[in-house]
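Line by line, the protein sequences are chains A and B. Each residue of the first sequence is one higher than the last, beginning at 1 in our numbering. Each residue of the second sequence is one higher than the last, beginning at 1001 in our numbering.
These are computed hints drawn from the structure, not numbers from a lab. Glycine is no exception: its CB is placed at the ideal position from the N, C-alpha and C atoms. Worth double-checking, as some hints may not be accurate.
Selected chain B positions facing chain A (Cβ under 10 Å, derived; list incomplete) [said to hold, decoys possible]: (1) THR1002; (2) ARG1044; (3) ASP1047; (4) ARG1050; (5) GLN1054; (6) GLY1059; (7) GLY1062; (8) MET1072; (9) GLY1077; (10) ALA1079; (11) PRO1081; (12) GLY1091; (13) SER1149; (14) THR1152; (15) VAL1153; (16) ALA1157.
Below, each chain spelled out in residue letters.
Number of protein chains: 2
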Amino acid sequence: MTITTIGLDADDTLWHNETIFRLTHARFVDLLADHGDETLIEARLADVERRNLQLYGYGVKGFTLSMIETAMELTGGNAPPEVVREILAAGREMLAHPVETLPGVDDALAALSEKYRLVLITKGDLMDQERKVAASGLGELFSAVEIVSEKTVDTYAHLFARHGTGAAEAVMAGNSMKSDVLPALGAGAFAVHIPYAITWAHELADAPEGHPRYGALEAINQLPGWIEQKEALLK
Amino acid sequence: MTITTIGLDADDTLWHNETIFRLTHARFVDLLADHGDETLIEARLADVERRNLQLYGYGVKGFTLSMIETAMELTGGNAPPEVVREILAAGREMLAHPVETLPGVDDALAALSEKYRLVLITKGDLMDQERKVAASGLGELFSAVEIVSEKTVDTYAHLFARHGTGAAEAVMAGNSMKSDVLPALGAGAFAVHIPYAITWAHELADAPEGHPRYGALEAINQLPGWIEQKEALLK
């Protein structure tokens, strides 16, 4: 047995994303400052997002719709037109935002792509994620790009079978314990947590300490070395 | 050479979709009746949708955002809160709408699935399309479900290679000349047009009359017979 395939999360693993959401959150709080303090507004938005996940899924379009809905709730159904227009504009700006890869990503991926099949596995809006892959300049390094509605054990089992030699010979790396690490381990893959500065509340979960296939790294430049170590142990 | 794989469009090929969009259009026109007649409102909405396609892609969430933007434009930036709330509600209802398969779909797909690999190929929102596949009860008949941001020649070449034995041995069937028929023919597949009662303006295109791999059918129950004829010619 050896490692043949590396799955990589995209948002907040390869490039900044949550930072852009946070900026929009701050703008949203400002817009509605007359109707509540930051804590209240953020709590209400989080509730609406959670309620809408099943309907809207992940991504900027659903987030924009949830912001408008939250503005309506906070104003007793009477959000002023300029608030709605500002939210629409904020959503559009997020969708047009330049893609900035995180430090070390380019080198790490270039090195990994020489030895392994790389598969990008991300949630979000189809069009938006495809745009970001293209704008990142990293597209050529991946043998497949998979945009999925949820990241479950089945998702990883299926994708590592389709694009590699099965989950047992694959590593998943990403910033979300809940979406990248735990279900990939559940599918029998290796999984590496590389935290981002901030994590969306819906993606938090405890680390699987002591799991033989789990790794926690500080930055993506440590990933090639970590994989080499695991490979040496497999031989 | 033989036929091994059948690609099927989903919306308006397997189940009603444009009808539900039309109902929402009618509701939208009513909502904004004080700001223009139907022709004007529809034209403005079509403009906004076209402008947003690159940003929002296909699907209900982008359509909902485009309706809100159009309402703002038609009211000089002052759409009343109740109009925005109604549009949000209409979008949510579309996303929760029951899935009603078109006449003959269940039998045709059951017959085809005994001889060929079936691949569902559709645009739209990830979560929404997955919900509809599940709700249709047809999911088990497909060996793959592919939700894509655009249907191009490359899309079909790639998907028929991945899930079948290449485009030359595949048939694509759908209601859109522009998205289902022309690019599939361009990839070297057979392609069958099965019109729906109404077609979204953005999906209109001329038929490729005289193309040896093109077929025009009235309903999906004619598809198994059409494919058998083509197979007989290939032998």
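Results of checking the hints against the structure:
At its closest, the beta carbon of THR1002 (chain B) sits 24 Å from a beta carbon of chain A; the interface hint therefore is violated under the 10 Å criterion. Checking ARG1044 (chain B) against chain A: minimum C-beta separation of about 15 Å lies over 10 Å; hint violated. The interface hint given for ASP1047 (chain B) is violated, since its Cβ lies 16 Å from the closest Cβ of chain A, which is over the 10 Å cut-off. Below 10 Å, beta-carbon pairs count as interface contacts, and ARG1050 (chain B) has none with chain A, the closest being about 14 Å; its hint is therefore violated.
A distance limit of 10 Å between C-beta atoms decides the matter here; for GLN1054 (chain B) the minimum to chain A is near 8 Å, and the interface restraint holds. Taking 10 Å as the C-beta cut-off, the interface hint given for GLY1059 (chain B) holds, the closest approach to chain A being about 8 Å. Taken as an interface hint, GLY1062 (chain B) checks out: its beta carbon lies about 6 Å from the nearest beta carbon of chain A, inside 10 Å. Checking MET1072 (chain B) against chain A by beta carbon gives a least distance of about 6 Å; that is within 10 Å, so the hint holds.
Among the interface hints, the one on GLY1077 (chain B) holds; its C-beta lies about 6 Å from the nearest C-beta in chain A, closer than the 10 Å criterion. Hint status for ALA1079 (chain B): holds, given a least beta-carbon distance of 5 Å to chain A, under 10 Å. Among the interface hints, the one on PRO1081 (chain B) holds; its C-beta lies about 5 Å from the nearest C-beta in chain A, closer than the 10 Å criterion. For GLY1091 (chain B), the interface hint holds, the least distance from its beta-carbon to any beta-carbon of chain A being 7 Å, beneath 10 Å.
About 4 Å separates the beta-carbon of SER1149 (chain B) from the nearest beta-carbon of chain A, less than 10 Å, and the hint is met. With a least beta-carbon distance of about 12 Å to chain A, the hint placing THR1152 (chain B) at the interface is violated under the 10 Å criterion. Taking 10 Å as the C-beta cut-off, the interface hint given for VAL1153 (chain B) is violated, the closest approach to chain A being about 17 Å. Interface hint at ALA1157 (chain B): violated, since its Cβ lies 15 Å from the closest Cβ of chain A, which is beyond the 10 Å cut-off.
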